[in-house]
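Protein chains in written order, with the numbering used here: chain D, 1 to 174; chain F, 1001 to 1176.
Hints are not guaranteed to be accurate.
[Said to hold, decoys possible] With a straight-line Cα cutoff of 25 Å, these simulated DSS-like cross-link-like pairs (lysine-lysine) come out:
hint : chain 1 : residue 1 : chain 2 : residue 2
1    : D       : K116      : F       : K1151
2    : F       : K1115     : D       : K148
3    : D       : K116      : F       : K1115
4    : F       : K1151     : D       : K29
5    : F       : K1159     : D       : K116
6    : D       : K152      : F       : K1115
7    : D       : K29       : F       : K1171
Hints in this document: simulated from the structure, not taken from any laboratory.
So the chains spell out like this:
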Amino acid sequence: MIVLAWGTFLLLAAFIFHLIVWRIRLPQKHTRTLAIIFYGTFLAWCLLVWGWSTIGVAWEPYFPSRLSEYVHILLYYCAVTFVYIGVYTLFEVDSPSLLIIDRISEAETEGLAQDKLYDSLGDNILVVPRINDLVRDEMAVLENGKYKITSKGTIMVQTLLFHRKIMKADHKGG
Amino acid sequence: MEHGWWLVLSPIFGLVLNIILQILSHRFVSRLGLLRSIFLGFGIGFVFVVGWEILRFNQGYYYGVEDFWAILGVNAITYGFLGYCYYSVIGLGETARRIRLLKDLYVAPEGLSQKEILARYSAKDMVDMRLGRLIHNGQVKVVDGRYFIGKPLMLFLAKFAIFMKLMVLGKRSEFD
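Okay, chain F solo, but in the shape it has when bound (with noise of 0.2 Å):
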């Protein structure tokens, strides 16, 4: 196989293709939620990169199956990593606590006081919203005005990230 542009370009067209069907379902298609609209960007996006490579195998272009796998896995996990990226920076707009931070400051060019700031973003308002949702989904349980651990996948996530912080930060918390 002579290695030619389009094996460049196809999970960029792949991305490309993702974001216009995103916007466009999300804009024009009134019953489907945001979430969804990402997952169907996402996963038309990712048909036609992995269709165009086969489409191109199947036309003789690869030398033979290895090549097809390499070339198959390099493309699938840039345009899977691509469409990530652009997934956070919607979410990032959506529910970070720097970016709803930043865009109170945005509206007010006065500025705000860290008291101010405060009145807005309560520990307590956060700790409630996100508790009751643990309970919701069954992570947390609560026994006797107690808390406990109910399922184990966000302990397990828990868990992960502290490991992830000893690994590469060297410490388990931010505060440590």
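Pulled out of the complex, with its shape left as it was, chain D reads as follows (with noise of 0.2 Å):
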């Protein structure tokens, strides 16, 4: 019962100080903010059990008490988190179905003409913003006017690559 518990408790610190980080102001690397608010909140924790353990407080009831329970919390709380990060990806990029249906909505009973649609949903908005993520993930370079992808791009390929030649994907579909 206390993985289930403090894991649970840690994720909506977790997620709460997020949420209030994210109403002060909005950080340049979503990503990477998340990480450090998610982890960072574990690491405290643990601390904070520590130091009390350290001066004799009587937690035995209350917290952890052996390294697997510890290892136990770890792994669900970066289960969760890993998960929250990639939805929150989703949420942080607009979906192209998602705008044509936001699109199709907001024309409500009149119904949208199919040159309204094209033309509110054109390259600045479905390509432009995503080859930009990829300057400001540090995945590709802009030199000379031509994009020039990054080492930590290649190995993100090549991992995916990867994946595909182990299940012979590239000779059938999907």
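Take the two lone chains and join them into the complex the hints point to.
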């Protein structure tokens, strides 16, 4: 029970802290800041528990007492954090399908004409921001008017290509 | 119940089983598509995690039912979320626009200009493809050349996404 209770409490605490930080000021690098907040919260809690134990506070019934319990909480915490950061990137970026639905729903009972839909969803909305994301995330750089992949981007592509290779995914459709 | 390492490792073992089965089934069962191989791997891994906890419960490792449910809950969530991460990594390589752009830059070491990138990824093609899918699924209707909302599922998802953006980011779109 202690793993579920502490794991969930720490996730809620980190989530609330993240909302407060976002309300004050949106960070430049969202994913990195989220990771710092979530893992920082866990680390701060570990230090707090360690500090209490060294000054002899009777904490046994309320806090984990074995290393395996801390690792169990960390694993649960990491799994939820990974998914939250992944889902967050979906909310951070406007999905083309959801943009289409949003535009059509705004037209209500009159319906949306085809040319208006295409005009409102041009390259500057669907493609250019994703190119800028690559530069912001240091996966690509702009040099002399050309976008070039960085070593960070290369590692990402090679990892995905390796997975495709071991699945033989190039030989059949998904 | 004395907390032990077997409790911690059960979702990890489940995930390893999931990945191995997904890769093997996709590689060797020719009629199994990517999505079905993902479901198969995830399902068998999940059965392993739940079965493992039930086995331990029957062997008397837990003090009570509450302990059992709490650990089962933690391990099922951990396994489910790790499985989702694996699915995201596979899906990332298949569909994400950023990754497709990155793959194009990878095979063009001399780099690509914005004009060259836009020649490969036109917004019109993207809208055509997605609109076709939405019409095919009944989410969008076409009446006299005008588009209307059909089934409400995608509309609900769009509203939910906007709600989450407002709650977390304080704006309804990345362009606000």
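Right, here's what the structure says about each hint:
1. D:K116 to F:K1151: 22 Å, holds
2. F:K1115 to D:K148: Given pair K1115 of chain F, K148 of chain D holds - Cα atoms ~14 Å apart, limit 25 Å.
3. D:K116 to F:K1115: The hint holds at about 24 Å.
4. F:K1151 to D:K29: 37 Å, violated
5. F:K1159 to D:K116: 21 Å, holds
6. D:K152 to F:K1115: 24 Å, holds
7. D:K29 to F:K1171: 17 Å, holds
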